[in-house]
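Going down the list, the protein sequences come from chains A and R. Terminal number for the first sequence in our numbering: 290, no gaps in between. Terminal number for the second sequence in our numbering: 163, no gaps in between.
Misleading hints may appear alongside valid ones.
Which bits of chain A does chain R cover? Going by a derived footprint, with three or more residues having C-beta under 8 Å, they are [to be verified]:
#1 103–116
#2 186–199
Partial chain A-side listing against chain R, Cβ under 8 Å, derived [stated by the list, open to error]:
#3 Q35
#4 L260
#5 T263
#6 A265
#7 Y266
If the Cβ cut is set under 10 Å, some of the chain A residues that face chain R in the computed set are [said to hold, decoys possible]:
#8 M1
#9 F6
#10 A10
#11 S13
#12 L14
#13 V156
Because the hints were derived from the structure by calculation, they are not lab data. This one's a predicted model, so the numbers in the text were calculated from it and none came from an experiment. C-beta atoms are modelled at their ideal positions from N, C-alpha and C, and glycine is treated no differently.
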Amino acid sequence: MKPAPFVHVAPGSLAEVVALLAEHAPDARPLAGGQSLVPVMNFRLSRPSVLIDLNRVPELAYIRDDGTHLTVGAMTRQRTLENSDLVRKAAPLLHAATLNIGHLPIRSRGTIGGSLSNADPAAEDPAVVLALDCVMVLHGPSGERRVAAADFFEGVLATATGPDELLVAIEVPKAPANSGSAFVEIARRHGDFALAGVAAQVTLSGDGPVSVQLAACGVGPGPVRLSGAEAEILDHGLSEAAIRAAARIAAAEVDPDTDLHATAAYRRRLTAAMTRRALLQAVENAKAPS
Amino acid sequence: MTDFRPVTLTVNGRPHTGSAESRTLLADFLRDGLGLTGTHVGCEHGVCGACTVMVDGEAVRSCLMFAVQADGAEIGTIEGLAKGGEMHPLQKLFSEHHALQCGFCTPGMLMTAMDLVHSNPDRTPQEFRDGMSAALCRCTGYEGIVNAVIEYAAMVKAEAADG
C-alpha cells in the first residue's frame, strides 16, 4: 500500500526541528531512518499529518569521544556504527549488537535514535543502552533533559520522550579495561527480529567479576535488565554452575508473550540459553588480548 | 491535498528531474515518474528487498524512502549495471549459476550483492549467505545466488590484487 498524504518538512537545524515539533505536536512525527515508521505508514497503521524529516540535520549525526563515554548523535546510522573503529573499541557491545540489526540495506538508513525512540520490544539497541546504563539526551521547548536508559523505556513502542521532545543523543559509557562483551540472539532467519536476545558486558579483576551488565530483548514489553542474573554472578563468580544458575534466574525474570513466532515458554528457555552464551562469550572476550 | 514538488536526482550517472508528492515512495518515483521499471516493488514494507537500489553508494530499500528525501542524491539501479549492451560481470555470473528463475527478485538481488561485495569483498562465504538473506527469492533456493555472489567477490578481490 501507499502512505496517506502528509506534509513533509526538512529542517536544517535542531532549533528548527524543536520549533516544528512544538508547532505540530502531537500530529507530527519525526522521521529518522524510516525503517520502522515508513512500513507502518505504507500500511496506514500510522497517518501523521506532518513528517519532520531529520535527515538534513547534520548536527544530529556524529560519534564523539568524550573521555569517559562516547556521545552518539541520534541520527547516526547503524551502518556508520558498524563501520566505526571508535565504536568497536570503546563500545564493543553496541558494535556487536548493531551487526544483528536487520540487513545491510536496513542499516544503511536505520539510525540508533530511531530504533531507541521506536522502542520495539524485540529491537537490539534498547537492550544495549539499558545494559550499559546509557544516558538519553532529549531536547524540547524548555531545553535539554537527560534521562537514564532505565527510565526511558515505558512499554511497547513507548518512551519517556514527550510529544514536543526529540531524542538527540545517547551517551554510551566506554567499556572499562579488562571487560568483555557479547550480544547473542536467536531469530528465525538472519536479519529478522530476535525471538530472544541478550546483551552482556563483564568486567574482570583477575578471574573474578567486578561488574556484570545484562539485558534482554524480545522477552517483555521492552528491554529487560536481568538484575537477578547479574547479582548471581557477582555473588558466586563465573563458574559453570554459577553461569547456569544465572541463566535460570534470567529465564524467571523476563515476561515474554506467546505470539505467531514462539511461545512464552520457549522464549524463557531461549533467554536462559542466550544468557549463558552471552556470559561465556563476554568472559572469553574479556580475557582475550585486546 | 496535492503537494507535488520538483525532485532532481542523478540516476546511473544521468541527471533526472521529475515531480513527486511528499508521500511518493522512491521506488514508485523511479518506476512511474522516470520510467525506470527495472526496480521492482514487492512487499512495500522493507522485507522482500526487491526494490533495493543504491543511494549515494549504499544499498537501501526504495520502498522505505520518499522521493523528496532523495532530492540531490546519486541513485544506482539495475538499469545502470550493463554497459554498451554488455552484461555486468555479476549479471553474467547470475546467468552462469542459474541464480534466477522468474527474475522478479533479481534487480534487488543484484543491487544487494553489489553493495555486499564492494563494501567488503573479504566477507566469508557464510557472511555472504547471511547478507543475501536481505533479499527474498521464492524460486531458486539461493544456492545459485550465493555461489554467483561468492564468485563475484573473488573476481573483485583478484582484480584489486592485480592493481
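_Let me make sure I understand: some of the numbered hints might not hold for this structure. Which ones are they, in numerical order?_
4, 5, 6, 7, 11, 12 and 13
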